[in-house]
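Visitor: Sequence order for the protein chains is H and P. So in the numbering used here, the last one in the first sequence is 99, and the numbering has no gaps at all. So in the numbering used here, the last one in the second sequence is 121, and the numbering has no gaps at all.
To be clear, the hints were calculated from the coordinates, so they are not data collected in a lab. Some hints could be false.
In silico EDC-like links for lysine to aspartate or glutamate, alpha-carbon gap of 20 Å or less [unchecked claim]:
| # | chain 1 | residue 1 | chain 2 | residue 2 |
| --- | --- | --- | --- | --- |
| 1 | P | Lys113 | H | Asp70 |
| 2 | P | Lys116 | P | Asp13 |
| 3 | H | Lys26 | P | Glu15 |
| 4 | H | Lys41 | P | Asp36 |
| 5 | P | Lys80 | P | Glu12 |
| 6 | H | Lys26 | P | Asp36 |
| 7 | P | Lys116 | P | Glu24 |
| 8 | H | Lys41 | P | Glu12 |
| 9 | H | Lys62 | H | Glu28 |
| 10 | H | Lys67 | H | Glu28 |
| 11 | P | Lys46 | H | Glu(-13) |
| 12 | P | Lys113 | P | Asp93 |
| 13 | P | Lys77 | P | Asp13 |
| 14 | P | Lys80 | P | Asp13 |
| 15 | P | Lys120 | P | Glu48 |
| 16 | H | Lys26 | P | Glu48 |
| 17 | P | Lys46 | H | Glu(-15) |
| 18 | P | Lys116 | P | Glu48 |
| 19 | P | Lys66 | H | Glu87 |
| 20 | P | Lys46 | P | Asp68 |
| 21 | P | Lys113 | H | Glu69 |
| 22 | P | Lys66 | P | Asp88 |
| 23 | H | Lys26 | P | Asp13 |
| 24 | P | Lys46 | H | Glu28 |
| 25 | P | Lys46 | P | Asp93 |
| 26 | P | Lys80 | P | Glu15 |
| 27 | P | Lys116 | H | Glu28 |
| 28 | P | Lys113 | H | Glu43 |
| 29 | H | Lys67 | H | Glu2 |
| 30 | P | Lys46 | H | Glu87 |
| 31 | P | Lys77 | P | Glu15 |
| 32 | P | Lys46 | P | Glu15 |
| 33 | P | Lys120 | P | Asp93 |
| 34 | P | Lys120 | P | Asp26 |
| 35 | H | Lys41 | H | Asp80 |
| 36 | P | Lys113 | H | Glu28 |
| 37 | H | Lys26 | P | Glu12 |
| 38 | H | Lys41 | P | Asp13 |
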Amino acid sequence: EPEVTQTPSHQVTQMGQEVILRCVPISNHLYFYWYRQILGQKVEFLVSFYNNEISEKSEIFDDQFSVERPDGSNFTLKIRSTKLEDSAMYFCASSDWAASYNEQFFGPGTRLTVL
Amino acid sequence: GEDVEQSLFLSVREGDSSVINCTYTDSSSTYLYWYKQEPGAGLQLLTYIFSNMDMKQDQRLTVLLNKKDKHLSLRIADTQTGDSAIYFCAVRGGSQGNLIFGKGTKLSVKP
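So here's chain P without its partners, still in its complex pose:
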């Protein structure tokens, strides 16, 4: 079945860029997502990319998609302490849009 993998931890200094990487196995997913989870809260959609795009930029966020290598990345420019959270990569699986998630990358931002 579909599998999504991502590294578990990333630590950066405030003001630096953060890059969170994800790989997936099934290339048929039409949409790929990044969700953010803050402590005590549910998962919140941060951004998504359509599979026929290579890049999507949304303010400080840049999503890169390499379909050949089945690699998705999320870049956060000028990372702030408020960006500290767990970031989940997800792809669509099934006909009803259920999501397949990675384990999540815990981003720690040091002042």
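Only chain H is shown next, with the shape it has when bound in the complex:
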């Protein structure tokens, strides 16, 4: 069964460093998403991506964040200069939008720890 994969499973970085979180969505999907969950808080939407551009983003997704689909397979989230408050679990999701209920398939997440 196709699934969304994410690497690494855990990333530890120093404050101010750049990190790139990687995701491989399901191959025939067209819509891609990033969410994050700070420990003990809600899963929050960050950004959606379609047709090689950002289609929607939340207030959290400021200039420190960027997304890219560099090779038609991977979908990456870059944080340019990490802050302590960026420590969270980051989930990638993809959808084919074919179904009206828009089932999003989630990866297992990358736990980002900023020291």
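Assemble the complex: chain H is given as a structure, and chain P must be docked to it using the hints.
Guide: Just chain P, lined up with the frame of chain H:
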């Protein structure tokens, strides 16, 4: 903005029914969802309901939607230890289908 609230913990005995409740603020969401997260795994869609329905049943799962009270519930019949997980209520927000989640309810099933 849209807000989704749910209780954080629920503990039941194996074989009992579990009822997980959720309230939301924005009634314009056309679909409402229940996602399940097992330890170390991503969120998996468990079931969903279209906003013009009051109830949806899928094997051991029953979803009830009260649009007037903006209340969504998930009932799991004959709860098993394998049902132990975190259950997230979610509604659709935005034009691109991004999801708005509650904090998740941790269901613990005791043998």
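Visitor: Does each hint fit the structure? Answer for all of them.
Guide: Now the hints, each set against the structure:
1. P/Lys113 with H/Asp70: Holds, at roughly 18 Å.
2. P/Lys116 with P/Asp13: Holds, because 19 Å separates the two Cα atoms, which is no more than 20 Å.
3. H/Lys26 with P/Glu15: Holds, at about 9 Å.
4. H/Lys41 with P/Asp36: holds (19 Å)
5. P/Lys80 with P/Glu12: holds (12 Å)
6. H/Lys26 with P/Asp36: Between H/Lys26 and P/Asp36 the Cα gap is close to 17 Å, so the pair holds against 20 Å.
7. P/Lys116 with P/Glu24: holds (15 Å)
8. H/Lys41 with P/Glu12: holds (15 Å)
9. H/Lys62 with H/Glu28: holds (17 Å)
10. H/Lys67 with H/Glu28: Holds. H/Lys67 to H/Glu28 sits at ~17 Å (cutoff 20 Å).
11. P/Lys46 with H/Glu(-13): holds (15 Å)
12. P/Lys113 with P/Asp93: At roughly 18 Å apart (the allowed maximum being 20 Å), P/Asp93 and P/Lys113 satisfy the hint.
13. P/Lys77 with P/Asp13: Within the cut-off at roughly 15 Å; holds.
14. P/Lys80 with P/Asp13: With a Cα-Cα distance of about 11 Å, the restraint between P/Lys80 and P/Asp13 holds, given a limit of 20 Å.
15. P/Lys120 with P/Glu48: Holds, at roughly 16 Å.
16. H/Lys26 with P/Glu48: At roughly 16 Å apart (the allowed maximum being 20 Å), P/Glu48 and H/Lys26 satisfy the hint.
17. P/Lys46 with H/Glu(-15): holds (18 Å)
18. P/Lys116 with P/Glu48: holds (10 Å)
19. P/Lys66 with H/Glu87: holds (17 Å)
20. P/Lys46 with P/Asp68: Roughly 15 Å separates the two Cα atoms, so the pair holds.
21. P/Lys113 with H/Glu69: Between P/Lys113 and H/Glu69 the Cα gap is close to 18 Å, so the pair holds against 20 Å.
22. P/Lys66 with P/Asp88: holds (17 Å)
23. H/Lys26 with P/Asp13: holds (10 Å)
24. P/Lys46 with H/Glu28: holds (16 Å)
25. P/Lys46 with P/Asp93: holds (9 Å)
26. P/Lys80 with P/Glu15: holds (11 Å)
27. P/Lys116 with H/Glu28: holds (18 Å)
28. P/Lys113 with H/Glu43: Status holds; Cα separation ~19 Å.
29. H/Lys67 with H/Glu2: holds (10 Å)
30. P/Lys46 with H/Glu87: Given that 20 Å is the threshold and the Cα spacing comes to 13 Å, the pair holds.
31. P/Lys77 with P/Glu15: holds (15 Å)
32. P/Lys46 with P/Glu15: holds (16 Å)
33. P/Lys120 with P/Asp93: holds (11 Å)
34. P/Lys120 with P/Asp26: holds (10 Å)
35. H/Lys41 with H/Asp80: holds (19 Å)
36. P/Lys113 with H/Glu28: Judged against 20 Å, a Cα distance of about 10 Å means the pair holds.
37. H/Lys26 with P/Glu12: holds (13 Å)
38. H/Lys41 with P/Asp13: The hint holds at about 17 Å.
Violated hints for the displayed structure: none, as all numbered hints are satisfied.
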